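J.: Here the protein sequences line up with chains A and B, keeping their order.
Taking my numbering, the leading residue of the first sequence gets 28, the next gets one more, and so forth.
Taking my numbering, the leading residue of the second sequence gets 28, the next gets one more, and so forth.
Keep in mind the hints are simulated off the structure, nothing from the lab.
In this text, all values refer to a predicted model and were calculated from it rather than measured experimentally.
You may find that some hints are simply not true.
[Said to hold, decoys possible] For lysine-lysine, the following BS3-like pairs were computed, each having C-alpha atoms within a straight-line distance of at most 30 Å:
#1 K331(A) / K163(B)
#2 K141(B) / K339(A)
#3 K331(B) / K163(A)
#4 K176(B) / K331(A)
#5 K177(A) / K339(B)
#6 K163(A) / K111(B)
#7 K177(A) / K206(B)
#8 K339(A) / K177(B)
#9 K111(B) / K111(A)
#10 K250(B) / K339(A)
#11 K206(A) / K176(B)
#12 K206(A) / K177(B)
[What the hints assert, rightly or not] Footprint (simulated), chain B over chain A, 3 or more residues, beta carbon under 8 Å:
#13 83 to 90
#14 194 to 205
#15 247 to 256
#16 288 to 295
#17 298 to 308
Where is the CB? At the ideal position from N, CA and C, for every residue including glycine.
Number of protein chains: 2
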Amino acid sequence: MIKRTFAISLLSLSAILAPIYASAANEPIQPIKAVTPENPDVAELGKMLYFDPRLSKSGFISCNSCHNLSMGGTDNIKTSIGHKWQEGPINAPTVLNSGMNLAQFWDGRAKDLKEQAGGPIANPGEMAFTHEMAVKVVASIPQYREHFKKAFGSDTVDIDRITTAIAEFEETLVTPNSKFDQWLEGDKNALSADELEGYKLFKSSGCTQCHNGPAVGANSFQKMGMFKPYETKNPAVGRMDVTGKEEDRFVFKVPTLRNVELTYPYFHDGEAATLEEAVDIMAKIQLNREFKKDEIAKIVAFLKTLTGEQPKFDLPILPPSTNNTPRPQPF
Amino acid sequence: MIKRTFAISLLSLSAILAPIYASAANEPIQPIKAVTPENPDVAELGKMLYFDPRLSKSGFISCNSCHNLSMGGTDNIKTSIGHKWQEGPINAPTVLNSGMNLAQFWDGRAKDLKEQAGGPIANPGEMAFTHEMAVKVVASIPQYREHFKKAFGSDTVDIDRITTAIAEFEETLVTPNSKFDQWLEGDKNALSADELEGYKLFKSSGCTQCHNGPAVGANSFQKMGMFKPYETKNPAVGRMDVTGKEEDRFVFKVPTLRNVELTYPYFHDGEAATLEEAVDIMAKIQLNREFKKDEIAKIVAFLKTLTGEQPKFDLPILPPSTNNTPRPQPF
Ligand code: HEC
Ligand code: HEC
Ligand code: HEC
Ligand code: HEC
Ligand SMILES: [Ca+2]
Ligand SMILES: [Ca+2]
Numbered sequence: 028m029i030k031r032t033f034a035i036s037l038l039s040l041s042a043i044l045a046p047i048y049a050s051a052a053n054e055p056i057q058p059i060k061a062v063t064p065e066n067p068d069v070a071e072l073g074k075m076l077y078f079d080p081r082l083s084k085s086g087f088i089s090c091n092s093c094h095n096l097s098m099g100g101t102d103n104i105k106t107s108i109g110h111k112w113q114e115g116p117i118n119a120p121t122v123l124n125s126g127m128n129l130a131q132f133w134d135g136r137a138k139d140l141k142e143q144a145g146g147p148i149a150n151p152g153e154m155a156f157t158h159e160m161a162v163k164v165v166a167s168i169p170q171y172r173e174h175f176k177k178a179f180g181s182d183t184v185d186i187d188r189i190t191t192a193i194a195e196f197e198e199t200l201v202t203p204n205s206k207f208d209q210w211l212e213g214d215k216n217a218l219s220a221d222e223l224e225g226y227k228l229f230k231s232s233g234c235t236q237c238h239n240g241p242a243v244g245a246n247s248f249q250k251m252g253m254f255k256p257y258e259t260k261n262p263a264v265g266r267m268d269v270t271g272k273e274e275d276r277f278v279f280k281v282p283t284l285r286n287v288e289l290t291y292p293y294f295h296d297g298e299a300a301t302l303e304e305a306v307d308i309m310a311k312i313q314l315n316r317e318f319k320k321d322e323i324a325k326i327v328a329f330l331k332t333l334t335g336e337q338p339k340f341d342l343p344i345l346p347p348s349t350n351n352t353p354r355p356q357p358f
Numbered sequence: 028m029i030k031r032t033f034a035i036s037l038l039s040l041s042a043i044l045a046p047i048y049a050s051a052a053n054e055p056i057q058p059i060k061a062v063t064p065e066n067p068d069v070a071e072l073g074k075m076l077y078f079d080p081r082l083s084k085s086g087f088i089s090c091n092s093c094h095n096l097s098m099g100g101t102d103n104i105k106t107s108i109g110h111k112w113q114e115g116p117i118n119a120p121t122v123l124n125s126g127m128n129l130a131q132f133w134d135g136r137a138k139d140l141k142e143q144a145g146g147p148i149a150n151p152g153e154m155a156f157t158h159e160m161a162v163k164v165v166a167s168i169p170q171y172r173e174h175f176k177k178a179f180g181s182d183t184v185d186i187d188r189i190t191t192a193i194a195e196f197e198e199t200l201v202t203p204n205s206k207f208d209q210w211l212e213g214d215k216n217a218l219s220a221d222e223l224e225g226y227k228l229f230k231s232s233g234c235t236q237c238h239n240g241p242a243v244g245a246n247s248f249q250k251m252g253m254f255k256p257y258e259t260k261n262p263a264v265g266r267m268d269v270t271g272k273e274e275d276r277f278v279f280k281v282p283t284l285r286n287v288e289l290t291y292p293y294f295h296d297g298e299a300a301t302l303e304e305a306v307d308i309m310a311k312i313q314l315n316r317e318f319k320k321d322e323i324a325k326i327v328a329f330l331k332t333l334t335g336e337q338p339k340f341d342l343p344i345l346p347p348s349t350n351n352t353p354r355p356q357p358f
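Given the sequences, and given the hints that come with them, work out the whole structure.
T.: Here you go:
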């Protein structure tokens with residue numbers, strides 16, 4: 028609603044902009060825009076917490092360990108390494124643009140980023156801490172309490188505020204201005220001939236049935252293996268775990284394809300090492316279609332135009348622990 | 028030499044500055060200055076490599092994992108967590124101001140930062156990779172090769188260039204403008220009464236015998252346990268491992284006390300959890316002196332004035348792996 032109003036008022040102001048909005052509006056994919064946090068102090072605090080390994084039992088693992096913002100918001104490992112080097116059950120999705128997800132996790136079991144953020148801290152296979160201990164650690168650090176005061180009006184530290192702040196920071200992790208968005212916004216030279224052909228193929232062969240909208244996905248749950256079963260040793264059953272319904276077996280959240288160049292390896296089991304492999308498998312099992320090698324190359328070329336500007340900010344400097352801060356227990 | 032010339036020329040230019048330099052010159056500790064890298068492109072490349080976990084076998088551990096620049100250039104763990112969660116043998120020293128160390132490591136076995144940087148990559152207990160594999164990974168990434176070209180004139184990737192770049196970046200990790208440096212440079216209000224008394228006690232009781240110079244240490248090897256033996260279960264024997272001499276048993280590089288507020292826990296075994304404990308032990312075993320509680324508090328107050336401005340830079344964005352990049356082997 029807000030977007031449409033915006034477009035109309037712009038149009039009435041300046042007819043020259045009309046073709047841009049018209050062209051984007053006719054496409055199944057829409058550009059994304061930078062987000063200014065509603066409350067910058069909350070987001071700033073959230074950034075610190077996101078980078079703070081003291082939210083884990085070991086003092087070694089932060090959100091950024093597995094969703095590394097130097098590397099597209101993922102760890103680029105098939106399945107993540109958790110506390111004591113436990114092998115994780117599933118591939119870590121990117122946090123980039125995760126504010127646009129219809130729900131969080133591959134099976135959508137968390138309704139939003141705030142609900143999600145409490146999970147990893149207390150997950151014995153990830154950060155292996157407890158909410159009580161995380162709160163105790165943060166509350167023991169006066170400089171953190173000052174940030175809570177600035178952000179929330181009082182220096183009370185609780186898990187609700189911690190996850191609110193982390194989520195607010197994550198909301199800012201938007202990657203605008205990709206080559207593809209430039210093209211959508213009217214710069215017809217932004218894409219090469221191959222990239223454009225790749226996009227046309229992506230549309231015409233039906234990928235946009237599931238990968239559409241501003242996030243190029245992330246807005247529906249779909250069966251993995253529409254025409255042929257997906258073969259994997261990974262035991263995850265997807266959405267069925269949430270709904271209990273047999274028809275939801277192997278239904279997963281359609282991942283965003285924004286920054287997909289950076290979020291290798293692919294699929295919930297991380298078994299597709301390259302984009303070429305992922306595209307080939309998608310075509311075969313979701314669309315019952317066999318692409319030629321050069322068709323795959325063109326689609327991959329298009330997918331790489333979805334890499335946007337990565338969030339740019341100073342490495343946060345964390346306040347030191349005090350004599351009262353519970354010490355990490357790494358071993 | 029360079030510093031002295033600088034001071035004299037300034038004096039001749041402006042007599043008003045004389046008291047500042049004169050006061051600093053009479054003190055056993057000198058201020059430190061920000062460093063501009065000789066070759067910014069090399070330092071910039073080094074920053075990326077420093078943050079890149081693909082220099083490790085697992086793809087999970089970077090230099091920044093153990094020398095976290097959000098946390099004073101250390102991991103704040105007694106002894107580090109290495110590849111596959113191995114328990115490290117010794118406490119990780121800070122990389123901040125490490126360019127000022129007379130040699131690298133607690134026992135000084137690496138002569139400089141470049142020689143040091145090759146160590147952890149190939150150390151089976153740390154990053155567990157090989158130099159050959161690290162080179163292969165970096166060389167497989169065209170965007171990295173462009174950075175090598177910009178930095179070194181050609182896009183050849185080898186371990187010599189990798190360690191040169193990391194070392195050049197580390198040289199920039201200087202923390203100027205601490206409260207104590209402001210005081211040294213003439214701002215007599217920079218220290219509180221307690222902090223100043225702490226400094227006087229630090230000098231008068233003999234701490235500056237070992238902790239002196241711009242880094243407040245880092246310029247000599249000294250016996251840990253001059254008057255009384257230091258009790259520890261840690262098997263490290265220090266400099267004796269390098270020289271083979273019995274007299275070097277339990278001789279360690281005197282650590283810098285710059286940013287010591289951030290580099291807890293203390294000593295090579297990480298067994299002193301608080302600065303109070305470390306100061307108390309130092310007094311007892313290095314100076315045969317028993318401080319009262321308020322004396323310790325004052326020295327600690329002084330030590331905290333040695334926290335400088337932390338290096339400030341954008342979180343580096345790393346170029347993605349390609350289909351030819353060897354994949355990490357985390358498990
Ligand atoms: C040990 C690795 C690890 C750590 C630490 C970790 N995550 Fe995750 N994260 C994952 C994995 C794996 C998943 C996917 C789990 C699933 O879908 O069942 C995930 C899922 C997510 C998602 C959902 C994304 C999506 O598209 O569904 C978000 C958001 C997220 N994590 C944020 C965080 C935050 C915030 C923290 C720190 C508080 C954190 N993660 C810590 C590995 C990790
Ligand atoms: C019927 C829905 C559907 C269609 C059609 C579809 N996809 Fe997907 N796509 C999904 C789902 C669901 C996943 C996640 C599956 C999983 O990980 O188990 C996915 C995953 C992907 C991934 C991996 C993303 C990641 O980060 O792991 C890529 C790349 C991809 N799709 C591209 C395509 C292309 C190209 C097409 C057309 C040839 C296509 N998809 C058609 C539903 C669909
Ligand atoms: C797994 C943890 C770990 C990793 C990864 C690691 N270090 Fe270290 N680092 C240590 C420990 C522990 C020591 C002390 C070893 C000793 O003195 O014997 C050390 C020592 C150093 C020193 C010497 C500092 C001094 O005061 O003597 C420097 C400099 C350094 N590391 C830089 C790096 C760089 C650069 C990298 C990446 C290429 C790196 N480290 C990776 C744990 C690590
Ligand atoms: C005779 C030399 C000597 C004297 C005198 C001395 N120190 Fe030290 N100091 C060392 C050495 C060597 C170490 C490292 C020992 C180790 O880790 O095994 C050290 C370590 C420390 C540390 C821990 C630093 C860290 O990062 O782990 C602190 C704090 C410290 N000294 C403060 C003091 C104070 C305060 C005094 C005076 C009361 C003092 N020292 C006197 C040699 C000395
Ligand atoms: Ca992935
Ligand atoms: Ca330490």
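J.: Each hint should be assessed against the structure and marked as holding or not.
T.: Hints, verified against the model:
1. K331(A) / K163(B): With Cα atoms ~23 Å apart, K331(A) and K163(B) stay inside 30 Å; holds.
2. K141(B) / K339(A): Satisfied, since the Cα-Cα distance of roughly 29 Å is no more than 30 Å.
3. K331(B) / K163(A): Status holds; Cα separation ~23 Å.
4. K176(B) / K331(A): holds, 24 Å
5. K177(A) / K339(B): holds, 22 Å
6. K163(A) / K111(B): holds, 28 Å
7. K177(A) / K206(B): This hinted pair holds, its Cα atoms lying about 25 Å apart.
8. K339(A) / K177(B): holds, 22 Å
9. K111(B) / K111(A): holds, 8 Å
10. K250(B) / K339(A): Answer violated: K250(B) to K339(A) is near 46 Å, above 30 Å.
11. K206(A) / K176(B): Holds: K206(A) and K176(B) sit about 25 Å apart, inside 30 Å.
12. K206(A) / K177(B): holds, 25 Å
13. 83 to 90: holds (count 3)
14. 194 to 205: violated (count 0)
15. 247 to 256: Since 0 is below three, the answer is violated.
16. 288 to 295: holds (count 4)
17. 298 to 308: holds (count 3)
Comparing the model with each earlier hint shows violations of hints 10, 14, 15; every other hint is respected.
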